[in-house]
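Chemist: With the hints as extra help, turn the sequences into a complete structure.
2 protein chains.
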Amino acid sequence: MGARFDDLATPFLYVDLDRMKRNIDAMAAAARELSVQLRPHAKTHKVPEIARLQIAAGASGVTLAKVSEAEVFADAGIDDLFLAYQIVSPAQLERVIRLARRTRLRCAVDSRDGAERLSRAAKDGGVELQVMLEIDLGIERTGVRAGVEAFDLAQRVADLPGLRLIGVYGFRGFRAFADGAESREAWGRAEGEALVSAAADLRAIGLPIVEVSAGSTPTAVPAGSVRGVTEIRPGQYLFGCANVVAQGAMRAEDVALFARATVISRPAEDRAVVDAGSKTLSTDGPWEPGRGFGYLASDPSTRVAGLWEEHGVLRLAENARRLRVGDRVSIVPNHVCTAVNLHDRLVAIHDDRVEVVWTIAARGRIE
Amino acid sequence: MGARFDDLATPFLYVDLDRMKRNIDAMAAAARELSVQLRPHAKTHKVPEIARLQIAAGASGVTLAKVSEAEVFADAGIDDLFLAYQIVSPAQLERVIRLARRTRLRCAVDSRDGAERLSRAAKDGGVELQVMLEIDLGIERTGVRAGVEAFDLAQRVADLPGLRLIGVYGFRGFRAFADGAESREAWGRAEGEALVSAAADLRAIGLPIVEVSAGSTPTAVPAGSVRGVTEIRPGQYLFGCANVVAQGAMRAEDVALFARATVISRPAEDRAVVDAGSKTLSTDGPWEPGRGFGYLASDPSTRVAGLWEEHGVLRLAENARRLRVGDRVSIVPNHVCTAVNLHDRLVAIHDDRVEVVWTIAARGRIE
Numbered sequence: 001m002g003a004r005f006d007d008l009a010t011p012f013l014y015v016d017l018d019r020m021k022r023n024i025d026a027m028a029a030a031a032r033e034l035s036v037q038l039r040p041h042a043k044t045h046k047v048p049e050i051a052r053l054q055i056a057a058g059a060s061g062v063t064l065a066k067v068s069e070a071e072v073f074a075d076a077g078i079d080d081l082f083l084a085y086q087i088v089s090p091a092q093l094e095r096v097i098r099l100a101r102r103t104r105l106r107c108a109v110d111s112r113d114g115a116e117r118l119s120r121a122a123k124d125g126g127v128e129l130q131v132m133l134e135i136d137l138g139i140e141r142t143g144v145r146a147g148v149e150a151f152d153l154a155q156r157v158a159d160l161p162g163l164r165l166i167g168v169y170g171f172r173g174f175r176a177f178a179d180g181a182e183s184r185e186a187w188g189r190a191e192g193e194a195l196v197s198a199a200a201d202l203r204a205i206g207l208p209i210v211e212v213s214a215g216s217t218p219t220a221v222p223a224g225s226v227r228g229v230t231e232i233r234p235g236q237y238l239f240g241c242a243n244v245v246a247q248g249a250m251r252a253e254d255v256a257l258f259a260r261a262t263v264i265s266r267p268a269e270d271r272a273v274v275d276a277g278s279k280t281l282s283t284d285g286p287w288e289p290g291r292g293f294g295y296l297a298s299d300p301s302t303r304v305a306g307l308w309e310e311h312g313v314l315r316l317a318e319n320a321r322r323l324r325v326g327d328r329v330s331i332v333p334n335h336v337c338t339a340v341n342l343h344d345r346l347v348a349i350h351d352d353r354v355e356v357v358w359t360i361a362a363r364g365r366i367e
Numbered sequence: 001m002g003a004r005f006d007d008l009a010t011p012f013l014y015v016d017l018d019r020m021k022r023n024i025d026a027m028a029a030a031a032r033e034l035s036v037q038l039r040p041h042a043k044t045h046k047v048p049e050i051a052r053l054q055i056a057a058g059a060s061g062v063t064l065a066k067v068s069e070a071e072v073f074a075d076a077g078i079d080d081l082f083l084a085y086q087i088v089s090p091a092q093l094e095r096v097i098r099l100a101r102r103t104r105l106r107c108a109v110d111s112r113d114g115a116e117r118l119s120r121a122a123k124d125g126g127v128e129l130q131v132m133l134e135i136d137l138g139i140e141r142t143g144v145r146a147g148v149e150a151f152d153l154a155q156r157v158a159d160l161p162g163l164r165l166i167g168v169y170g171f172r173g174f175r176a177f178a179d180g181a182e183s184r185e186a187w188g189r190a191e192g193e194a195l196v197s198a199a200a201d202l203r204a205i206g207l208p209i210v211e212v213s214a215g216s217t218p219t220a221v222p223a224g225s226v227r228g229v230t231e232i233r234p235g236q237y238l239f240g241c242a243n244v245v246a247q248g249a250m251r252a253e254d255v256a257l258f259a260r261a262t263v264i265s266r267p268a269e270d271r272a273v274v275d276a277g278s279k280t281l282s283t284d285g286p287w288e289p290g291r292g293f294g295y296l297a298s299d300p301s302t303r304v305a306g307l308w309e310e311h312g313v314l315r316l317a318e319n320a321r322r323l324r325v326g327d328r329v330s331i332v333p334n335h336v337c338t339a340v341n342l343h344d345r346l347v348a349i350h351d352d353r354v355e356v357v358w359t360i361a362a363r364g365r366i367e
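Line order of the protein sequences matches chains A and B.
If you're matching positions, the first sequence starts at 1 in our numbering and goes up one per residue.
If you're matching positions, the second sequence starts at 1 in our numbering and goes up one per residue.
Just so you know, these hints were derived from the structure itself, not from any lab.
Accuracy of the hints is not assured; some may be wrong.
[What the hints assert, rightly or not] Restraint-style ranges between C-beta atoms, simulated for each label pair:
(1) A/I166 - B/D6: 31 to 37 Å
(2) A/T359 - B/A317: 54 to 60 Å
(3) B/E253 - A/K21: 51 to 57 Å
(4) B/R101 - A/E288: 45 to 51 Å
(5) A/E140 - B/R164: 29 to 35 Å
(6) B/I205 - A/T359: 49 to 55 Å
(7) A/D18 - B/R120: 35 to 41 Å
(8) B/S68 - A/F5: 15 to 21 Å
(9) B/E140 - A/P90: 48 to 54 Å
(10) B/D6 - A/V127: 24 to 30 Å
(11) B/E128 - A/R102: 42 to 48 Å
(12) B/E253 - A/D351: 54 to 60 Å
(13) A/R251 - B/A29: 55 to 61 Å
(14) B/I205 - A/S330: 39 to 45 Å
For each residue, glycine too, the CB sits at the ideal point set by N, CA and C.
Modeler: Right under this line is the structure:
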């Protein structure tokens with residue numbers, strides 16, 4: 001790379017390579033210690049080169065949400081994919097079948113309609129699809145409830161041609177202490193336990209559930225520590241962001257991804273405006289209310305208090321008031337996944353030098 | 001275009017061409033009636049072909065926020081640009097100078113530092129730059145306060161080589177009734193009056209202020225109706241979105257942009273999950289708290305109550321409960337500008353047929 005870090009036009013996202021590699025290694029080590037497979041959710045970075053680093057460190061493959069996203073990773077040679085998303089449209093089902101012919105692929109179902117569509121596509125395509133049943137872990141999104149609903153659907157999947165039911169999965173995120181003062185560890189263990197229990201119920205009616213897949217960055221380790229969980233799927237752990245730090249799931253000094261921005265206006269003693277707004281950082285809110293839209297890496301008490309499309313308004317703490325028009329700063333966004341999705345490139349630095357610029361190849365691959 | 005609307009993989013954004021053209025014509029007619037220039041903010045659509053339609057209907061040019069965005073429009077032959085943003089970095093200032101050589105360009109300043117940087121770049125580049133002074137209209141973003149601050153900066157700009165001060169501009173948005181039960185009309189008039197007053201003050205000390213530029217979609221018409229305002233800069237008016245409708249600035253039946261999505265899960269009687277999440281609609285919140293992240297075009301009482309990266313959770317009103325897995329729906333996003341910025345293409349339909357698919361050429365041009 002010829003470009004010097006300080007010459008790159010702002011705003012842009014950059015990664016501290018050493019920190020990222022440490023984060024990748026630490027999660028891989030944690031998974032080995034817990035004897036669970038690690039299948040990172042690659043929607044966080046959307047960069048096949050990074051998926052290769054995760055796999056080299058011990059990940060079994062990657063998790064993805066959309067068919068088009070999975071195609072990008074398959075094209076780059078990543079050949080063990082969990083498409084943790086309900087695919088129901090005929091044209092997209094055809095693409096799933098093509099993916100299944102060239103990769104190890106796991107699909108997701110949470111409804112009879114969806115299972116029947118997947119089965120028809122598999123039959124027509126002459127392939128057998130491995131299927132994971134999504135269990136609703138109480139977040140009111142997708143998934144079937146454990147118990148009668150799960151029995152019925154699992155039995156239906158098992159009966160349908162072209163499908164092979166292999167496991168259950170779920171996502172619970174981490175909703176703070178909304179449901180009664182639980183710690184992150186207790187919250188994560190409850191996620192693992194709910195999935196293990198759902199799997200046991202299905203085995204009791206004779207279904208061969210071998211995979212029990214849990215976790216997100218805040219819950220991966222506690223969920224993975226539950227006996228019977230076989231796989232964890234954290235996404236954000238390699239980069240971190242303000243929300244993951246606020247959740248207590250990573251230390252601030254391990255955050256590896258930043259937005260680089262320039263001060264364009266200094267309208268008041270305690271206010272600087274930078275050229276990174278919601279089209280750079282995303283509008284995703286703070287995990288704890290009232291904490292703005294990210295913070296200054298060099299002074300975490302200085303927050304992005306206001307956010308417009310192309311303006312980030314920093315409320316400057318005492319230490320940051322020396323900032324002048326033209327100064328460049330690094331900002332930790334609230335939510336790294338949605339920030340990355342806004343960018344075409346990710347600059348990777350080592351010792352303050354640009355080591356590589358990755359194309360965010362699956363950016364915008366939402367279909 | 002060969003592709004049939006119902007065959008396009010979801011999620012995607014589409015525009016109802018007839019409605020969009022009506023909206024473009026209506027704002028152009030309003031500006032003519034008020035005898036003000038119309039310079040739409042093209043960050044809303046980021047599509048040069050659409051800018052051409054706006055100009056053909058009577059717009060004098062377009063407004064843009066970033067240099068890279070302006071370059072895309074200049075490359076497409078749009079040659080009258082207001083870069084309503086403080087450009088302060090040396091490399092970006094060089095790009096501004098190159099733009100000034102090939103287009104009619106207006107620049108923005110709100111600080112002495114910024115003005116001096118702009119002046120040096122203009123002098124070094126051998127061009128004269130037309131400059132608009134940004135007035136702070138109370139939203140605590142960029143801009144100088146009217147009065148002493150504005151006098152000082154305007155005088156400095158007038159004295160600096162390479163710069164020609166031609167006007168003032170501001171942005172106030174519409175913050176509901178936060179500041180004391182004002183109507184949208186009163187709020188917009190106050191915006192226009194503040195700018196006209198700031199311009200009059202500067203003329204009183206001998207500065208040749210000829211342009212007074214106001215407005216956003218909710219305030220453009222009331223601000224433009226203030227005697228002395230010469231230009232309005234609405235952006236969202238051609239598409240509309242849930243927030244603009246909630247502001248009373250457009251009728252729901254004039255909304256021209258929608259996200260097309262597919263129901264992927266039907267976990268409960270009153271819940272459907274679609275494949276359009278925050279990476280399709282953006283996380284921008286509702287103008288009025290508690291109204292979710294958009295609504296179903298066919299049944300506005302059905303809202304996107306929950307939003308994840310790739311999931312939109314519809315809380316189904318009675319009329320929408322017939323929705324099944326695989327059904328396709330149209331959703332009105334909260335904020336059209338940030339939604340468009342997530343997409344590479346914009347499908348334009350006429351009589352339910354795909355008429356053209358535009359490339360969102362300035363998508364992601366944030367530097």
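Chemist: Does each hint fit the structure? Answer for all of them.
Modeler: Against the structure, the hints come out as follows:
1. A/I166 - B/D6: 31 to 37 Å: 33 Å, holds
2. A/T359 - B/A317: 54 to 60 Å: 43 Å, violated
3. B/E253 - A/K21: 51 to 57 Å: Holds, since B/E253 and A/K21 (Cβ atoms, about 54 Å apart) stay within the stated range.
4. B/R101 - A/E288: 45 to 51 Å: Holds, at about 49 Å.
5. A/E140 - B/R164: 29 to 35 Å: 58 Å, violated
6. B/I205 - A/T359: 49 to 55 Å: 52 Å, holds
7. A/D18 - B/R120: 35 to 41 Å: Hint holds: Cβ distance 38 Å, inside 35 to 41 Å.
8. B/S68 - A/F5: 15 to 21 Å: With Cβ atoms ~19 Å apart, the hint holds.
9. B/E140 - A/P90: 48 to 54 Å: 51 Å, holds
10. B/D6 - A/V127: 24 to 30 Å: 26 Å, holds
11. B/E128 - A/R102: 42 to 48 Å: 60 Å, violated
12. B/E253 - A/D351: 54 to 60 Å: 58 Å Cβ-Cβ, so the 54 to 60 Å window holds.
13. A/R251 - B/A29: 55 to 61 Å: Check passed, 58 Å falls within 55 to 61 Å.
14. B/I205 - A/S330: 39 to 45 Å: 41 Å, holds
When each numbered hint is compared with the structure, violations occur for hints 2, 5 and 11.
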